[in-house]
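J.: Each chain, letter by letter, is given below.
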Amino acid sequence: MGTIAKTTRRRLLVGAGGAGLAGAFLSACGGGSTTDGSGSLADGGGTTQVASEEAKQGGVFHVPRLTEPPDFDPTLSYNSTIHRAVGLVYNRLLKWNWGPETAPSSTDIVPDLVESFEQPDETTTVFTFRNNVSWQNRPPVNGRAFGASDVKATFDRILSPELKSQLAGRFAGELASLEASDDRTVVTKLTQPYAEFLHSLAFHFYWIVPRELIETDQLKSNPVGTGPFIMERWDKGQKIVFQRNPTYWKQGKPHLDGVEYLLIRDNAATLSSFASGQVDSISDVDAENLTAIKAQIRGAQVQEFATWVTRRLQVTPTRPPLNDPRVRLAILKMVDQQQVNDLVSRGGSFVGPLPHQWGDYGLPEDQARQLLKVDLAEAKKLLDAAGYDYEQTLEMSWNQGYGKWYESAALILQQQLEKGGVKTRITSYPQAEYLARWRPPFDKNQLTPAPLTGNSPELLYTAYNPRGEYYFQPVDDQRLLDMIERQRRILDTEERAKYVIDIQRYLLTENIIDIPLGLPALAEVVQPKVRNYFFHLTFGAPYLEDASFA
Amino acid sequence: MQRYILNRLLLLIPSLLGLSLLVFILIRLVPGDTVTALMAESGVFSDEQVATLRARWHLDESYLQQYIRYMSDLARGDLGQSFYYGTPVADEIARGLPATLEIAAVATLLSIALAVPMGTISAVRAGSWIDVIVRALAVLGQAIPSFWLGTMVVVGLAFYLQWLPPKGYVSPFVDLRTNLTQIIFPAIVLAWSLSAVSTRLIRNSLLEVLRQDYMRTAVAKGITGRAAVLRHGLRNALLPVVTVAGAQLAFLLGGSVIVESIFSVPGLGSLALKSIELRDYNLLQGIVLVFGVLAIVANLLVDLSYAVIDPRIRYS
Chain A
21 MGTIAKTTRR
31 RLLVGAGGAG
41 LAGAFLSACG
51 GGSTTDGSGS
61 LADGGGTTQV
71 ASEEAKQGGV
81 FHVPRLTEPP
91 DFDPTLSYNS
101 TIHRAVGLVY
111 NRLLKWNWGP
121 ETAPSSTDIV
131 PDLVESFEQP
141 DETTTVFTFR
151 NNVSWQNRPP
161 VNGRAFGASD
171 VKATFDRILS
181 PELKSQLAGR
191 FAGELASLEA
201 SDDRTVVTKL
211 TQPYAEFLHS
221 LAFHFYWIVP
231 RELIETDQLK
241 SNPVGTGPFI
251 MERWDKGQKI
261 VFQRNPTYWK
271 QGKPHLDGVE
281 YLLIRDNAAT
291 LSSFASGQVD
301 SISDVDAENL
311 TAIKAQIRGA
321 QVQEFATWVT
331 RRLQVTPTRP
341 PLNDPRVRLA
351 ILKMVDQQQV
361 NDLVSRGGSF
371 VGPLPHQWGD
381 YGLPEDQARQ
391 LLKVDLAEAK
401 KLLDAAGYDY
411 EQTLEMSWNQ
421 GYGKWYESAA
431 LILQQQLEKG
441 GVKTRITSYP
451 QAEYLARWRP
461 PFDKNQLTPA
471 PLTGNSPELL
481 YTAYNPRGEY
491 YFQPVDDQRL
501 LDMIERQRRI
511 LDTEERAKYV
521 IDIQRYLLTE
531 NIIDIPLGLP
541 ALAEVVQPKV
551 RNYFFHLTFG
561 APYLEDASFA
Chain B
1031 MQRYILNRLL
1041 LLIPSLLGLS
1051 LLVFILIRLV
1061 PGDTVTALMA
1071 ESGVFSDEQV
1081 ATLRARWHLD
1091 ESYLQQYIRY
1101 MSDLARGDLG
1111 QSFYYGTPVA
1121 DEIARGLPAT
1131 LEIAAVATLL
1141 SIALAVPMGT
1151 ISAVRAGSWI
1161 DVIVRALAVL
1171 GQAIPSFWLG
1181 TMVVVGLAFY
1191 LQWLPPKGYV
1201 SPFVDLRTNL
1211 TQIIFPAIVL
1221 AWSLSAVSTR
1231 LIRNSLLEVL
1241 RQDYMRTAVA
1251 KGITGRAAVL
1261 RHGLRNALLP
1271 VVTVAGAQLA
1281 FLLGGSVIVE
1291 SIFSVPGLGS
1301 LALKSIELRD
1311 YNLLQGIVLV
1321 FGVLAIVANL
1331 LVDLSYAVID
1341 PRIRYS
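Heads up: the sequence lines are chains A and B, in that order. Following our numbering from start to finish, the first sequence increments by one per residue and tops out at 570. Following our numbering from start to finish, the second sequence increments by one per residue and tops out at 1346.
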């Protein structure tokens, strides 16, 4: 595995979508694991069963959407409805790879608008952009060439203090400057080495927009990008219609004539729409619905995958009785993650804080199983040593917005803790009430999903650092904060991976804040006629540029 | 008559004022606001971002200040801006209203088309096996909730016929065929329970009328039984049915909230549901006001129709 520190002093040239060169870019970036796509759900590889063949031109792909965006400005908020809507229109500088041999959860980084980059030192990166990219032929951009000034305008907007963009968080205190040195070159300077820099640029929120849309204040209403599809119209409350971009810079793509996002607010109606052939794909299908779909639709193509979002029980380390680390360790030793996987997830993966499916940075499964082994006798000893009052009731809660899984998991968890002599009361609240009652950090025991950071150690920063975007539980542990800060500065991938695993061991032995409850399995299902559908968890479905019909 | 109508229209003002106050208070009693609802989509905002958003939508003001602001805008005919979409509420309502009105109108017509013959036959053949079947159907109609029936219709069409009506809403003036395919199923679902109530009402009312002396007199004068029922019986039996029909409009509008979502029709009902989820106060208040106006106007029309159905009724 290469490292950024070792490789970035030489110039890397990456071809336009060439697999070999892209692979070289990957190893240069050290951007995560490469999965072969043939593994089972249990090892996180995902199963690719969508037929792959030479693409035919034509057809309109229909995608169901439960929600619609408020607008199309991707530079201000993490609102997923916006980023899901604009992913066909815009490109990023770098992107996560997808393809027939790539797992849907992979965050292998490959170039998008960037052609090459070099890092003359640890804090400077010189990006050179492709010279064949033009904006879609729509006003106010009218097909002009994409250039460095667009990148600068985009990041100036994201980092503008007046706009208070949520997207600024990842680069706050890290990015010292971003300057265009000529039409095809941008030079970034960091305040200090930042191991997540390239990963952050590839994250599915950082789309590059044309400067004219910013200058004329049209970002909300008129998305015009460099992407494979042009947004033709938005029938509010009904659908968003995209047409093939005839001047797309990737030769021969996209293969589809268009894509339509249909607003279907009801889950049962979404399933029915798939059964009737009205939509061509259906996302986030759980085991129960997958069985029904397979029974009803002959030839439906299923791509199973492990999500990025582990489930966990957060225990508050700041209030009695859980402010005693022995009590938290005892709780950890009562939780049977395998049982949760078997009974609730019906086939999820056994994971540590960062799942082993994520590659180098994930805690290996054998270590996770060893550290998360159920040991009621040891738990009792720990509780006794801590003088735990067995008559008290621990309050726990979960947010109903997270879905049915948490309801079932809460019941199982309650039984598991009861076996260890710990009484609990678990309460659920509607999503808005939950967020209205408590502002993060919540300072309460709760069942939650892990933050969505892609498969990167950045999760540690976003979850446990007070400046992190998903700082849900107060952490009063300077040693942990120092460790998390330090791993962000290690540019050597191997060294960083080793250190990140040490942090996870610390989080499962010395300062328990989250108890992992597994990584559930989901599936993406497409109609039998769909070909070359290389599903990926990235927002915006940019992989539809490869999709076609038989 | 004109004075009566004017009085009724003037009564709209306090009714709508009361309604607006009620909705204003009730939606704010529900925990959470637009900002917390947005956090569900966008992750956590910093305290500074939360403050900025609340200030932008005046949610940092007291309820009294918010209400005064809302009412003063309303007095100028401005329903405000949707928090979520950032567009005028009036535009959003105008976009959703045609679909909802059309579904409500078709559902009403369908329910009348079902209820009048069924109720009449049931009353005329009281005690017969037809009566038993009609009454059983009416009980079923009232017992089956529209959200369940709607889901069953969608699932049945999709899984057994591999077909569903096209998503969305196309105006009948643009494409009548597509329009009818889109609205007929939600209208049937809403009409099903509506017709059940009307059927029972017509049956009971007609049974009462059939026992009246004037019905016996009509038959004694040589009118056939069928003519007596249709010309004299049914007309007199319709008064309570028409009264209930006015009240049923509110039921229809309420039912549209779920049924439109199930059938993916972009009407006011699904918009109302979305605005509740998003705590989009302005949008929800606007929609409820429109629902209120529709219900009040419908009841006024019902009152006026009494004079047409029964010439003995006079308004002063």
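Wrong hints could be hidden among the right ones.
Stated by the list, open to error - Keeping only pairs whose Cα atoms sit at most 20 angstroms apart, straight-line, the calculated SDA-like set for lysine to any residue is:
id	chain 1	residue 1	chain 2	residue 2
1	A	Lys256	B	Gly1110
2	A	Lys314	B	Leu1187
3	A	Lys256	B	Leu1187
4	A	Lys209	A	Glu135
5	A	Lys424	A	Leu472
6	A	Lys256	B	Ile1174
7	A	Lys184	B	Val1080
8	A	Lys184	B	Gly1110
9	A	Lys256	B	Glu1071
10	A	Lys270	A	Ala75
11	A	Lys314	B	Val1185
12	A	Lys184	B	His1088
13	A	Lys184	B	Asp1090
14	A	Lys256	B	His1088
15	A	Lys424	B	Glu1071
16	A	Lys273	A	Ala165
17	A	Lys240	B	Val1185
18	A	Lys184	B	Ser1072
19	A	Lys314	B	Phe1189
20	A	Lys273	A	Lys549
21	A	Lys172	A	Glu232
If you're looking for bench data, these hints aren't it; they were derived computationally from the structure.
J.: Would you mind marking each hint as holding or not holding in the structure?
T.: Right, here's what the structure says about each hint:
1. A:Lys256 to B:Gly1110: holds, 18 angstroms
2. A:Lys314 to B:Leu1187: The hint holds at about 18 angstroms.
3. A:Lys256 to B:Leu1187: violated, 26 angstroms
4. A:Lys209 to A:Glu135: holds, 19 angstroms
5. A:Lys424 to A:Leu472: Holds. Lys424 (chain A) to Leu472 (chain A) sits at ~19 angstroms (cutoff 20 angstroms).
6. A:Lys256 to B:Ile1174: Answer violated: Lys256 (chain A) to Ile1174 (chain B) is near 32 angstroms, above 20 angstroms.
7. A:Lys184 to B:Val1080: With a Cα-Cα distance of about 10 angstroms, the restraint between Lys184 (chain A) and Val1080 (chain B) holds, given a limit of 20 angstroms.
8. A:Lys184 to B:Gly1110: Since the Cα atoms of Lys184 (chain A) and Gly1110 (chain B) sit roughly 25 angstroms apart, the hinted pair is violated (cutoff 20 angstroms).
9. A:Lys256 to B:Glu1071: holds, 18 angstroms
10. A:Lys270 to A:Ala75: holds, 14 angstroms
11. A:Lys314 to B:Val1185: holds, 15 angstroms
12. A:Lys184 to B:His1088: Measuring from Cα to Cα gives roughly 18 angstroms; hence the hint holds.
13. A:Lys184 to B:Asp1090: Holds, at about 18 angstroms.
14. A:Lys256 to B:His1088: violated, 26 angstroms
15. A:Lys424 to B:Glu1071: holds, 18 angstroms
16. A:Lys273 to A:Ala165: Roughly 18 angstroms between the alpha carbons, so the hint for Lys273 (chain A) and Ala165 (chain A) holds.
17. A:Lys240 to B:Val1185: violated, 36 angstroms
18. A:Lys184 to B:Ser1072: holds, 14 angstroms
19. A:Lys314 to B:Phe1189: holds, 12 angstroms
20. A:Lys273 to A:Lys549: Roughly 19 angstroms between the alpha carbons, so the hint for Lys273 (chain A) and Lys549 (chain A) holds.
21. A:Lys172 to A:Glu232: Distance of about 12 angstroms is within 20 angstroms: holds.
Hints 3, 6, 8, 14, 17, counting from the list given before, are not met by this structure.
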